[in-house]
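Q: Letter by letter, the chains look like this.
Number of protein chains: 2
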Amino acid sequence: MLKVDVSILYEFITGIFVKAGVKEEEAAIIADSLIQADQRGVHSHGIVCVTRYINLIRNGYMKPVMAYEVKRDQGAVCVWDGKRSNGQILGYHAMKKAIEKAKQYGIGAVGVKNANHFGAGAYYARLAEREGMIGMALSTGDPTMAPWGGAEKAIGNNPIAIAVPAKEEHGPLLDMAQSVVANGRIANMMKQGIQEIPEGWALDKEGMPTTKMADFYSVMPTGAYKGFGTSFMIDVLSGVLFGGGTGFRARDDADGASLMMMAWNIEAFRDFHEFTEAVDERIKELKAVRRAKNVEAILMPGEKEALSYAASAHYVEILPEIMEEVNKLAESLGMDKWNA
Amino acid sequence: MLKVDVSILYEFITGIFVKAGVKEEEAAIIADSLIQADQRGVHSHGIVCVTRYINLIRNGYMKPVMAYEVKRDQGAVCVWDGKRSNGQILGYHAMKKAIEKAKQYGIGAVGVKNANHFGAGAYYARLAEREGMIGMALSTGDPTMAPWGGAEKAIGNNPIAIAVPAKEEHGPLLDMAQSVVANGRIANMMKQGIQEIPEGWALDKEGMPTTKMADFYSVMPTGAYKGFGTSFMIDVLSGVLFGGGTGFRARDDADGASLMMMAWNIEAFRDFHEFTEAVDERIKELKAVRRAKNVEAILMPGEKEALSYAASAHYVEILPEIMEEVNKLAESLGMDKWNA
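So the protein sequences, as listed, match chains A and B.
Heads up: the first sequence begins at 1 in this note's numbering, then just goes up one per residue.
Heads up: the second sequence begins at 1 in this note's numbering, then just goes up one per residue.
No lab work stands behind these hints: they were computed from the structure.
There's no promise every hint is true.
Same chains, same label: a pair holds when it works inside one copy or across any pair of copies.
[Claimed, not checked] Computed list of lysine to any residue pairs in SDA-like fashion (alpha-carbon distance at most 20 Å, straight line):
#: 1; residue 1: 328; residue 2: 249
#: 2; residue 1: 103; residue 2: 73
#: 3; residue 1: 293; residue 2: 144
#: 4; residue 1: 191; residue 2: 319
#: 5; residue 1: 103; residue 2: 74
#: 6; residue 1: 167; residue 2: 188
#: 7; residue 1: 71; residue 2: 131
#: 8; residue 1: 205; residue 2: 288
#: 9; residue 1: 287; residue 2: 144
#: 10; residue 1: 19; residue 2: 210
#: 11; residue 1: 3; residue 2: 224
#: 12; residue 1: 3; residue 2: 311
#: 13; residue 1: 3; residue 2: 167
#: 14; residue 1: 103; residue 2: 72
Make the full structure from the sequences, and use the hints.
A: Here you go:
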């Protein structure tokens, strides 16, 4: 792994998007979202996405400058047409709007159709958390999962992220897709030449469980039909509800992903400090139970990532091949290569 | 299985609760919720619960007549103190309130602390569905799951139910807890003398996976840490957010379960008919994919239960031993036994 100075990387990635026609303050949000994922150790949603996004801009699927249209604004609810602007910028502003709605109504929900890949949902959920709210970010995705009982990919492994403020503990943060393991994890194993997949991770072309890499076709949903069920409901809440793309329509080269940002204003339900104290107490209670054999510590949702984030405040680890790819991209945009 | 006339059963179960001091219209809601679960084939949440509820009334943990206090009512949000009234009645009225809020603000959320077991979440989610909304019902539960990495039960296998209106298709309905299989399913196998548990269902006292019934201690969360994560977030949204009971505090003999009812008014997001047509289309699309080997039909969330419900409109199947138990209870209340 390369140890990369965060502030230099931030400037570098911002510069790439600026070169591709993105406004500086918007490029900074994209860079922030991607680097934060790398800092949290979620490298699948880090700067590895830069090439994909720049290609989307080049191919005309992603607008470099944000433009969205408000389709509905009614009470605690908004619907936007994202007009294929960048998913990060849309997600950022939609969550800010949801927070504003939640300040007024207690909860707020903003749906954005015709968006783009938003990276890690954690980023948007944390925006609400930092305003003293519970944040939720949902997105539809291109089809990588078969409906339960099916042998054809037709639904996204749709992500949901929920962030909760705490007092002294790390704010719990769940950011998960609906499969046992990510598609990317199996793809990485494939690249490394690994032939065997652990049991319960994968299905073959007949929709049957497989442990053979050669037979890998689609990821197994968590809890079998349950993971399909949760993906289906995210399709509805983050897509069908306001006309956003689901399944093959959520692909980069079709309508793009569709987003749902939601904020819950804790103050509407309970005194904020009482709440964060109660969250701390619940965390302590759960972490204090007897540990399973060979387990060193019981971790809360997102705790591992929070520790990684804290450890990467100044320097973040990046895979050399990813840095190389981003460097090539920078060169192709007429920029200087980044040097460690 | 006994084939029981639904309208006679309805009168019988209503009568039991009336005898225990519940108002007739409230007893009817409890009966409706329980019998609907049996009609949907979810017998774990059907009239098997009657004995538990009557005992809760007898032991003073459940108030026979509903009384709740509005703690907050602000914009789209309410918080109620359920004062240990019946979970069904509180859930019913809280969802009705959430629907009212959603009519006004687009979404509505009502939290109820100091409640009681609410049976199947599907019942409340469907109340919203029948009003042309998406309904969500969450609840905390007594600890039956260990936090991931732990070997001590400290968190509920917390349920979430989501119901979505469709046009001609069955309205999709996800009603799930966070473990691979229900605690009750393994308990039933134990009663039947089954010694082996399928792999991936159970953990032993050391928090290690086990397939031996003799070593069974706690249920395995779906997707390992993911199922713990979703249970944790339901603890927050349905409990900590407004001071409701979680973990051991959610037990029947402590503060009781804590509920969150939420309604999403589709009309605030999109034309309702466009929406239900799009839901139908999405369902057809997913059901039409190539099927896995040996699979006869691809089922949507809740489809099996909807078919069971339709088939049980007039007669519902009840286990003879459950009917016997309810009969004994009726006798103990000075009622005539029910006769098939």
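Q: Hint by hint, say whether it matches the structure.
A: Now for the hints, and whether the structure bears them out:
In the homo-oligomer, the alpha carbons of residue 328 and residue 249 never lie at most 20 Å apart, since the shortest distance is 31 Å inside one protomer and 57 Å across protomers. In this assembly of identical chains, the alpha carbons of residue 103 and residue 73 lie at most 20 Å apart whether taken from the same copy (15 Å) or from different copies (14 Å). When the C-alpha separation of residue 293 and residue 144 is checked against a cutoff of 20 Å, the pair qualifies only between copies, where the shortest distance is 19 Å, while the shortest distance within a copy is 35 Å. Taking the shortest alpha-carbon separations for residue 191 and residue 319, only the intra-copy value of 14 Å comes in at or below 20 Å, while the best inter-copy value is 53 Å.
For the identical chains of this complex, residue 103 and residue 74 are neighbours both inside a copy (15 Å) and across copies (11 Å), given an alpha-carbon limit of 20 Å. Taking the shortest Cα distances, residue 167 and residue 188 never come within 20 Å of each other, neither inside one copy (37 Å) nor across copies (42 Å). In this assembly of identical chains, residue 71 and residue 131 lie within 20 Å of each other by CA distance neither inside one copy nor across copies; the values are 26 Å within and 23 Å between. Taking the closest pair of Cα atoms, residue 205 and residue 288 come within 20 Å of each other only across two copies (16 Å); inside a single copy the shortest separation is 44 Å, beyond that limit.
Taking CA atoms no more than 20 Å apart as the test, residue 287 paired with residue 144 passes between copies only; the shortest distance there is 16 Å, against 35 Å inside one copy. When the C-alpha separation of residue 19 and residue 210 is checked against a cutoff of 20 Å, the pair qualifies neither within a copy, at 45 Å, nor between copies, at 56 Å. In this assembly of identical chains, the alpha carbons of residue 3 and residue 224 never lie at most 20 Å apart, being 39 Å within a copy and 31 Å across copies at closest. Proximity of residue 3 to residue 311 under the C-alpha cut-off of 20 Å is restricted to the intra-copy arrangement: shortest distance 12 Å within a copy versus 63 Å between copies.
Within a single copy, residue 3 and residue 167 get their C-alpha atoms no closer than 31 Å, and across copies no closer than 55 Å, so neither meets the 20 Å cut-off. In this assembly of identical chains, the alpha carbons of residue 103 and residue 72 lie at most 20 Å apart whether taken from the same copy (19 Å) or from different copies (15 Å).
Hint check: violations occur at hints 1, 6, 7, 10, 11, 13; the rest are consistent with the structure.
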